[in-house]
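J.: Go by the hints and put chain B onto chain F.
As a plain string of letters, each chain reads:
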Amino acid sequence: MSADAGLWLTFVLIGLATTLPRASFIVLGGRVRLPSVVQRALRYAPAAALAAIVTPDVLVVSGDFAPLNPKLAGVIAAVAAALLSRNPWLPFIAGMAVLLGARAVSGG
Amino acid sequence: MSASSLRLGAREGFLSFLPMSVGLIPWALVMGMAMISAGFTPLQAMGMNVVVFAGTAQLGTLPLIVAGVPLWLIVVTALALNLRFVIFSAAIAQGFRGVGTPLRWYCGHLLTDGVFACCFEKMLKVDDPHWRLGYYLAPSLWSWGLWQVFALIGVFAAGSIPKHWSLEFMATIALLVLLVPLARQRPMLVAAISSGATAVVLRGMPLRLGLIVAIVVGIGAGFGAEHWSRKEEAA
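Going down the list, the protein sequences come from chains F and B.
Every number in our numbering is 81 more than the matching position in the first sequence, counting from 1.
Every number in our numbering is 84 more than the matching position in the second sequence, counting from 1.
Chain F with its partners taken away, still in its complex shape (with noise of 0.2 Å):
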């Protein structure tokens, strides 16, 4: 097998592993049906992933917690303009400026 043909299979394989997790119960719909207690835990689920990804992501710095960082500072920034405007650009515009502003001052 090629080396570009390698390539493209793991392209599939990824891609079944991405679709078959979505269109699980979608597909499957009513013929399996979560109980109602799971279901409702189950809307906790996008808040709780979508913490799960971001965090780590602001507060670790190369394998390290370090919550002093300049993306923390941008992280404020963009939750204060989301929470406080409803201007959707405005979050990106507060967060990149705190940040790029931060690291220009924090020489790093």
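Worth flagging that the hints you see were computed from the coordinates, not collected in a lab.
Computed from a predicted structure; not experimentally measured.
Ideal placement from N, C-alpha and C gives every residue a C-beta, glycine not left out.
Be careful, since some hints might not be right.
Said to hold, decoys possible - Heads up, incomplete: computed chain B residues facing chain F, CB under 10 Å, no partners named:
1. S86
2. T125
3. A162
4. A201
T.: Same frame as chain F, now just chain B:
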């Protein structure tokens, strides 16, 4: 009749997703650039982007592909990164009653974090299946288009955007913008804080399994907080 309710649903879904879809642009640009810097040809990069269509799984497996890790480990890692979609899929499944199986597969393929967060509440509330289908498909197809177009721009822009701009931070902001309105409810905030803290503590777990444990802990904490506040109200 059904075509017009499909269109009405599509319009509303598109409009409610439009502002948050801005967050996909930096993600896709970063993705395109990352695949080129991993050594892919533009055709291979866009091939992965179309076949996989998942930012987290693509960004997560890229370093493993570059390192020449065995295929099974790459696939297991991708599954671990995507396990949250089983939860999302189960949560939104009721919204697809009245939709045929082939279309369900297609809708499943298109399920992303952003579309789920945006659509799932109304998908469960509205009765008209055509309206729901439109409401789901419009933001999904819009996401797909943005993802491909801006990844393509990233593929060709790779190298000309300075690294110190830290464009990837826009992706973090995008995820936070999704999280903020959810966390306005107390149990949701409890779920988010518990999950985030667990993910930090367990960051060293292999295959990013800490992510899955953190999600489970967050769900448990949110559910617990809901029960606890109900008991307090009753007392």
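J.: Taking the hints in turn, state whether each one holds.
T.: Outcome of the hint check:
Hint status for S86 of chain B: violated, given a least beta-carbon distance of 19 Å to chain F, over 10 Å. Checking T125 of chain B against chain F: minimum C-beta separation of about 9 Å stays under 10 Å; hint holds. Hint status for A162 of chain B relative to chain F: holds, with the closest Cβ pair at about 4 Å, below 10 Å. Residue-level restraint check for A201 of chain B holds (minimum Cβ-Cβ distance to chain F is 5 Å; threshold 10 Å).
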